[in-house]
Amino acid sequence: MQLKQLVLPALALCGSALGSPTPSKRADEKVGYLSVYWTTDDESVYFALSDNDDPLGFAAINGGKAVVTPTLGTKAVRDTSIIAGQGDNAGKYWIIGTDLNIGETTWADAVRTGSRAIYVWESSDLVNWSENTLVTVEDETAGMVWAPDAIWDPEQEQYFVHWASKFYSADDTDHTGDATTGNVLRYAYTSDFKTFTEPKDYIVGTTDVIDLCILQLDSNTLLRSYVNSSSTDGLPVEISTTGLLGDWSVLGNVADSTSYEAPYFFADNAGGGKGYMTADLVGSSPGISGWTTDDLSAGVFTKDTSHDLTFMRHDSVLGVTQSQYDALKAM
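Numbering (mature numbering (1 follows the signal peptide of the UniProt record, and there is no 0)), first residue to last: -19 to -1, 1 to 312.
Treat the hints with care, as some may be off.
Stated by the list, open to error - Here are the computed lysine-lysine pairs in the DSSO-like style, where the Cα-Cα straight-line distance is at most 27 Å:
| id | residue 1 | residue 2 |
| --- | --- | --- |
| 1 | Lys310 | Lys73 |
| 2 | Lys284 | Lys255 |
| 3 | Lys73 | Lys175 |
| 4 | Lys73 | Lys46 |
| 5 | Lys73 | Lys56 |
| 6 | Lys310 | Lys46 |
| 7 | Lys255 | Lys310 |
| 8 | Lys255 | Lys175 |
| 9 | Lys56 | Lys46 |
FYI, nobody ran anything at the bench for these hints, they're computed from the structure. All of these numbers come straight from a predicted model, not from anything done at the bench.
Assemble the whole structure, with the sequences as input and the hints as a guide.
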């Protein structure tokens, strides 16, 4: 999602088409990756697949056509995130995203009178999706809700949902005056993506902060990154061993990530600490790039130069099983 002051996931596919990965020995073993993204030309939800042999080798599926298209709100979705159901919701999946049609507004207006709701789609098989719903998560003092994402919080047995908002005085009902905050990161809990707890501040920077991602590394360790408009060193990498609301330490910054937004971490399906990050370039030639690491907990990433992922915008990634991979590939 674009920061106002920064001017803030058509296809150039990787060399070969995706082949079917080797059948897994267990039904739940992950054999590939699903990327959920939107495009500059069509703010709908698109899918791409890669396999374990080449995790960043994403290629569009469904004939390159949108999988779902929003029909409510602004009828344009950005910043798409896929969430796997946990606990009582195991076997369910949700896609959530920003309700914003920038072609019908300006970035200046988008942070004042933007949507305070998030798009939600639900599925039980990753192929067939419900109609979209719009769920309002902020009150009328908020100027917008951008880049929603979620992670399961085992302590609360609910999903920790986060997004960026900017706020205005309660008596400034048209949001024509100065904002009372910059862009801040907020959170709430939900068990069904229909009702949410009252939101609270999560990260409030000295300047604008947006586009938070959080990855659970193990039962005690979390990794996160976000965009801080005051930073000239690229995307930060932070780690916590005390929970989502605990203390976080800075590991460093992602190499070669200056002018990128929308970081998204995902772990290698084979485990062992290896992982990846995608992020979206800001400016006149936007699009996704990838990074790799041999140790997610160290936070040291190397930019990938062997894949062209610029057909995707602000994506999220989910590991998929053989049966899921086959069903998605057949779309």
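Consistency of the hints with the structure:
1. Of the supplied pair hints, the one linking Lys310 and Lys73 holds, its CA atoms being roughly 19 Å apart against a limit of 27 Å.
2. Restraint check for Lys284 and Lys255: satisfied, since their Cα atoms lie roughly 14 Å apart, inside the 27 Å limit.
3. Proposed proximity of Lys73 and Lys175 is supported: the alpha carbons are some 14 Å apart, at most 27 Å.
4. Of the supplied pair hints, the one linking Lys73 and Lys46 holds, its CA atoms being roughly 23 Å apart against a limit of 27 Å.
5. Distance restraint check for Lys73 and Lys56: the Cα-Cα separation of roughly 24 Å lies within the 27 Å cut-off, and the hinted pair is therefore satisfied.
6. Taking the CA atoms of Lys310 and Lys46, the gap is about 13 Å. The hint holds against a cut of 27 Å.
7. As the CA atoms of Lys255 and Lys310 are separated by approximately 25 Å, the hinted pair is consistent with the 27 Å bound.
8. Taken as a hint, the Lys255 and Lys175 pair is broken in the structure, with Cα atoms around 34 Å apart against an allowance of 27 Å.
9. Restraint check: the Cα-Cα separation between Lys56 and Lys46 comes to about 16 Å, which is no more than 27 Å; the hinted pair holds.
In this structure, only the earlier hint numbered 8 is contradicted, and the remaining ones agree with it.
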